[in-house]
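Student: Start from chain L and add chains Z and B with the ligands according to the hints.
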Amino acid sequence: MSAIAVDRLSHVYAGAEGGVPALEDITIGVEAGKFVVIVGPSGCGKTSLLMMLAGLRHQTEGTILCAGKPISEPDPERVGVVFQEASLFPWLTALDNVEFPLALRGAPRDDRRRRAEEMLSLVGLDGFGGRYPHELSGGMKQRVSIARGLVQDPPVLLMDEPFAALDEQTRMTMGHELLRIWSTTRKTVVFITHSLTEAVYLADEVLVMSARPGRIIDRIEVTLPRPRTYEMMATDTFGQLRERIWQQIRKAP
Amino acid sequence: MRWPKPSTVRWGLLVALLVFWEVMPSTKIIPELFLPSLSKTLTVLWIDRVEYAEALVVTLYEVGVAMVIACGAGILTGAVVGGIATLRNIMLPVFSSLYAVPIVILYPIFTAWFGIGSESKIAFAGIYGFFPVMLSTAAGIRTIDPQYLLAARSMGATLVQQITRVIIPASIPTVLTGLRLGGALTIIGVVVSEMLTASAGIGYLVSRYRTILDSPHVFAAILMILVLSIMFDLLARTVERHTLVWQTAGRRERGAPTAQASTLPAPAPV
Amino acid sequence: MSQAQIVAFRLALLAAVAAAWQLLPSSGIVDARLLPPLGDVLAMLGQLLGRSQVHEAIVVTASEVVLAFVIAVPLGAAIGVLAAENEYFGEIFKPMLFYVFSVPKSIFLPMFILIFGIGFQQKVAYAAFSTVFIVIMSATAAVESVKADHVLVARSCGATRTQILLRIYVPSMMPVLLETLRISMIFNFTGVMIAEMYASRTGIGHLIANWGENFQMPQLFAGVILLATVAILFNEVVRHLEARFSTWRT
Ligand SMILES: Nc1ncnc2c1ncn2[C@@H]1O[C@H](COP(=O)(O)OP(=O)(O)OP(=O)(O)O)[C@@H](O)[C@H]1O
Ligand SMILES: [Mg+2]
Chain L
1 MSAIAVDRLS
11 HVYAGAEGGV
21 PALEDITIGV
31 EAGKFVVIVG
41 PSGCGKTSLL
51 MMLAGLRHQT
61 EGTILCAGKP
71 ISEPDPERVG
81 VVFQEASLFP
91 WLTALDNVEF
101 PLALRGAPRD
111 DRRRRAEEML
121 SLVGLDGFGG
131 RYPHELSGGM
141 KQRVSIARGL
151 VQDPPVLLMD
161 EPFAALDEQT
171 RMTMGHELLR
181 IWSTTRKTVV
191 FITHSLTEAV
201 YLADEVLVMS
211 ARPGRIIDRI
221 EVTLPRPRTY
231 EMMATDTFGQ
241 LRERIWQQIR
251 KAP
Chain Z
1 MRWPKPSTVR
11 WGLLVALLVF
21 WEVMPSTKII
31 PELFLPSLSK
41 TLTVLWIDRV
51 EYAEALVVTL
61 YEVGVAMVIA
71 CGAGILTGAV
81 VGGIATLRNI
91 MLPVFSSLYA
101 VPIVILYPIF
111 TAWFGIGSES
121 KIAFAGIYGF
131 FPVMLSTAAG
141 IRTIDPQYLL
151 AARSMGATLV
161 QQITRVIIPA
171 SIPTVLTGLR
181 LGGALTIIGV
191 VVSEMLTASA
201 GIGYLVSRYR
211 TILDSPHVFA
221 AILMILVLSI
231 MFDLLARTVE
241 RHTLVWQTAG
251 RRERGAPTAQ
261 ASTLPAPAPV
Chain B
1 MSQAQIVAFR
11 LALLAAVAAA
21 WQLLPSSGIV
31 DARLLPPLGD
41 VLAMLGQLLG
51 RSQVHEAIVV
61 TASEVVLAFV
71 IAVPLGAAIG
81 VLAAENEYFG
91 EIFKPMLFYV
101 FSVPKSIFLP
111 MFILIFGIGF
121 QQKVAYAAFS
131 TVFIVIMSAT
141 AAVESVKADH
151 VLVARSCGAT
161 RTQILLRIYV
171 PSMMPVLLET
181 LRISMIFNFT
191 GVMIAEMYAS
201 RTGIGHLIAN
211 WGENFQMPQL
221 FAGVILLATV
231 AILFNEVVRH
241 LEARFSTWRT
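Residue numbers (the numbering used here), protein chains in the order written: chain L, 1 to 253; chain Z, 1 to 270; chain B, 1 to 250.
Looking at chain L on its own, in the form it has when it is part of the complex:
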């Protein structure tokens, strides 16, 4: 059974003159434990699709199954979300931010503290729990967001351009870190990015979307072995994969 199954999903945003078609006939199956990256031109509906996977927005047509059950409401025990920009709450410390989803469920204080500390150390932020977001660097903030997305141990993690606001070097290290975290937790990850290098480096499979209304126009298997290393970026296979995605995006109408 696949972790995520999207079947003939379409979405139209209400608006003047009958609305804006944003997504059209999307069908995706993601196997459990896979790392899937979605790329596509700006405004093609990537964020919209992710919102629907997270149960934050309702599609006009089609179904989404997660672990065999339909998604209609946000369910943090099945799906964790990490947003672009650090969307941490500035009035909470890093630790309290990570605890937030557990606090909503009214989990016992000690349990959630322990769990949050585990998560912070998983993302390499031991000892930073007491800091407020404005006291953390951009990369550290994104680590906290990832910890928050993972704290309820959901089988699926959705990430919308999580590293877009970071500088290139931090971005590379964060990608590497993410793969390390992924390999220890074995989540199913759906990751959106504009960076083709990032896409190839991270993915088991890259889905390419067309310009609006967004459709899946290509599905590219990344055959590079795991664990990935920075050296692989210089290989021919890497270059060819990257080139193929670029060609697809470029010719996308």
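One should not assume that every hint holds.
To be verified - Think about it this way: if two alpha-carbon atoms lie no more than 30 Å apart in a straight line, the pair counts; the simulated BS3-like pairs of lysine-lysine are: (1) L/Lys-69 with L/Lys-251; (2) B/Lys-94 with B/Lys-147; (3) B/Lys-147 with Z/Lys-5; (4) L/Lys-34 with L/Lys-69; (5) Z/Lys-5 with B/Lys-94; (6) Z/Lys-28 with Z/Lys-40.
No lab work stands behind these hints: they were computed from the structure.
Tutor: Chains Z and B with the ligands in isolation, oriented as in the chain L frame:
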């Protein structure tokens, strides 16, 4: 059904207000003592135009002098306080504490000192307008992007050149906002003080006709003050817009919440 | 410069003002009838605080201030939240509010007197009226300071409506809310003062206006010091809270 455009609704509301003002009193639904009809108010204003014009001259004179004092002193003090870091750290919080005091309680002191003529109004309104001008000038000078000065210095600008070519032009936007607020406050200050104790001016007319329960004359004066303050606001905004064409969103957008937001002048508590 | 030095400078400044206020009149450089020495004023303040007439005035003024505040703040907040949350309503009213805002509220004081007379109600009504607009504006700003992203994150964590209100809206708005309380209290206090000074038979504002008319300078200055102290104290307490709730707001 589509909702009508917000601007249409706004104009509609204005018209409705004017119609309400005209119809309710003339049909005696609202007693004329509470609200005389628009036409009656305008008629009274026209019949006694000489009296109102004379009062307007007095008020405008007081506003003019008070504005010169408030703006002059405000810009000077603001530049000094804002420009010198030590002074700024000591004084700005003090000024924003003082801002909590209802300045109107000082007015009896001014009438005792200067009498009930124009001098006490000018003194009161001058102080009233002084604070926002001073605070925004200080803020304007402080928020100048240090990069401008760095750039100017790297091109070999002298201190005088830095002041005339960088600091002054760069702080104009904030200062203008301060002048608009300060000007509005001086108008209010003059009118309030005329209403409290005076022997001339539009505010005085308001109070005098109120004591003899002559509502149409009261509302004629209120209408004049309304028009006066709205005209000043429009004028000031136009000047600001024309001066600020070059000022696109800068390093610190105006109105963006900053830590200093609370030390900036809040609008007139009157 | 260190914080201690700054405080020391401020205290020195205060001492200098106090000394000048005492010495200039008592040495005859300034006419003591126009500016009574600070010592005399403080002595008068002590006396006044013992008088039952002053006690009554304080009670009247305080109840006017509190009542007007209790009316204006929830009313203004409700309208402000509506203007921020309902786009259509907001588009209609926000530009209008700006104009209403730049109009001096005090010119409507005669209207309140014509309608309510010069009693308690008129002062409360006028003070509430002069405060409500700033509350509307600030409440709108407070709601708009809540980031859509934060609400989205909370929803993705499965937050209910109440949880979003309590855990996202309230902390996001807290600094602005406190600032609103502070500034609207300034407006409210000023409103009550003007109303009392303009036409009234009771209240501190009335006493002050009277002392001024009768040229009773020590009483007048004592009253001004009393009111200024109360206003500044309230303001500082709320500012202190504001600072505590907004350490993260940089
Ligand atoms: N709430 C909304 N109401 C109406 N239209 C919307 C809404 N959200 C998004 N859209 C439109 O739907 C389209 C897809 O938007 P979406 O944000 O999903 O794109 P995206 O692929 O994430 O873009 P980007 O790469 O720039 O983040 C866009 O044309 C956008 O204008
Ligand atoms: Mg997007």
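Student: For a C-alpha distance cap of 30 Å, please report whether L/Lys-34 and L/Lys-69 respect it.
Tutor: Holds, at roughly 19 Å.
Student: Decide if the proposed pair is consistent with the structure: Z/Lys-5 and B/Lys-94, CA atoms, cutoff 30 Å inclusive.
Tutor: holds (14 Å)
Student: Holds or violated: Z/Lys-28 and Z/Lys-40, Cα atoms, limit 30 Å.
Tutor: Cα-Cα ~13 Å, so holds.
Student: Please work out if B/Lys-94 and B/Lys-147 have their alpha carbons no farther apart than 30 Å.
Tutor: Distance ~20 Å between B/Lys-94 and B/Lys-147 Cα, so the pair holds.
Student: Are the Cα atoms of L/Lys-69 and L/Lys-251 separated by 30 Å or less?
Tutor: violated (36 Å)
Student: With a cut-off of 30 Å on the C-alpha distance, tell me whether B/Lys-147 and Z/Lys-5 pass.
Tutor: holds (27 Å)
In this structure, only the earlier hint numbered 1 is contradicted, and the remaining ones agree with it.
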